[in-house]
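Those protein sequences? They're chains E and R, same order as listed. Take 1 as the starting number for the first sequence in this note's numbering and just add one per residue. Take 1 as the starting number for the second sequence in this note's numbering and just add one per residue.
To be clear, the hints were calculated from the coordinates, so they are not data collected in a lab. None of the values given here were measured: they were computed from a predicted structure. Treat the hints with care, as some may be off.
As the list claims (entries may be wrong) - If the Cβ cut is set under 10 Å, some of the chain E residues that face chain R in the computed set are:
1. F75
2. L216
3. S233
Stated by the list, open to error - List time: in silico DSSO-like cross-link candidates among lysine-lysine, alpha-carbon distance up to 30 Å:
4. K55/E to K208/E
5. K137/R to K33/E
6. K208/E to K52/E
7. K137/R to K35/E
8. K33/E to K52/E
Using N, Cα and C, we set each Cβ at its ideal position, and we do this for glycine too.
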Amino acid sequence: MKIRGKVWAWFLIILGVLYFFLPLLATFLFSLKAKLGVLSFQAYVNVFNDPKFIKGFSGSLLWATLTIVVGILLFVPTAYWVRLKVPKARSAIEFITLIPFVVPPIVFVFGLVRTYSRPPLLIVDSPALLVAAYTIISMPYMYRAIDIGLRSIDVRTLTEAAQSLGAGWGTILFRIIIPNIRVAILNGAFLSFAIVLGEFILARYLVKPAFAPYMLDLGQNRAFEPAALAVISFALTWACMGIISLVGRGKGQAPVGGGH
Amino acid sequence: MARPARPKISWAWLGVMPFFLFTFLFLLYPSSTIVIRSFRESGSGGFTFDNILALFKSPYILGSYWISIKISLITALGGAIFGFLLAYAAIRGGLPSFVRLSLLTFCGVASNFAGVPLAFAFIALLSPAGLLISWMKLFGFNPYFHGFTLYTFWGLSLVYMYFQFPLMVLIIAPAIDGLRREWLEASQNLGASTSQYWRHVAFPILLPSLMGTTILLFGNAFGAFATAQALTGGQINLVTIVIGSELRGDVLGNPGIGYALALGMVVIMALAIAGYTVLQRRTERWLR
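Bound conformation, chain E alone (with noise of 0.2 Å):
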């Protein structure tokens, strides 16, 4: 009785295991086949040599950061406010935080394109609107990251201990509070950096250069490039959720998102 579920257990992982790995198998297998006869790294050398790869890619290298950046500015404050002088704001602005699990990206994009592309709201051509997108698309995990890692500490406390020794508001966000939370940010921070870089119709809809949409666009008129392209993705987005596991040693949230 045992051994069977054991060998059950085994049989399904095995299925797991290769469902999983087969895929990226033969993406990598592929990807190395650009030269007829050989196996060579040639496609990785023509996509690092393409102009247009290192303007979609580091575009979103810029928007990640800009993402990242504007996140941390936005939701720490606002996030620390809450727990220290308005406990009523919770629930509402935990339900905002959540709506974009509502509105699909695509729905979001058709509604920023078709609010802000006419006067006097013209800004649908602004990189400021696709950094703002991106920023509300990685809120419901960058907002709990940040939520959560201050559960973890003594708001109350630390700030209290900070004004009684003469600092100001900039002071304590900047110098105590951000400090102390720094594991959590640093989780949302590459949660959402994994999530800007996978994502695709914002940047494609709103027309900015950008990792995704330029894959997509190889993939019309290349074979080999496109399979390398899609190793380098697997191994970022591997990147990325190891850092979270590694900073995060094994608690935290579940890293689960991303433009699908």
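Once you've looked at the hints, dock chain R against the given chain E.
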């Protein structure tokens, strides 16, 4: 004397105003635009139900909702069943403890690995020239001669499973952890068989969680766009794909219907998330 009891709420709320302003501008206002314009006549601007009714009159739109719902249902059920079995095998299957840890790590990565690169990965594996298909051809079996294609409904479902079942594993794992071993022992001491234990103890406890997570997976697939776009080039008429083409070039001929189409998605997603939240709360009663 003049103003009693007012100032208490006033100034502290200013601190959360940047958040409300930001989310109003970039989330609430654009979303409410969709709702409002769904009920507005394109020409005169007057109130109307015509756009909503038009959704139900167009076979094209109904068909797109039906395909989206079908693929979301199938991959949610498939992902839930496989994900649950996998999580249960790793946690309670008597396997070495590294299996559980690596499974959860892999699932964290896989549930985030989606969209364009995921589509490419499956093209490398299962396209007519893909790795697995060439292996099968070596054994004289070509699935493409037997009705299989990667670029239609079932192929896309198979690809969706890649981000569906890992999400199930991640969310259901704590619930399986919460199944106490004492419950199994107690039921065995009372003479219950394994199937009785499952039917009367474990399954009823896990049921809200299983149902809730399945609904979440439904929403996860329902909102998906990039994977289908990259895999089929927009050949499958999911609702998200139709919204995408409407956004590029007004394919529906009437902007009001576009808003109503988007609103329909939001309504279905809202129902799914609400269902998930209610059921997840139920689960938490047992799993402390």
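_Hints the structure fails to honour_ = Per hint list: zero violations.
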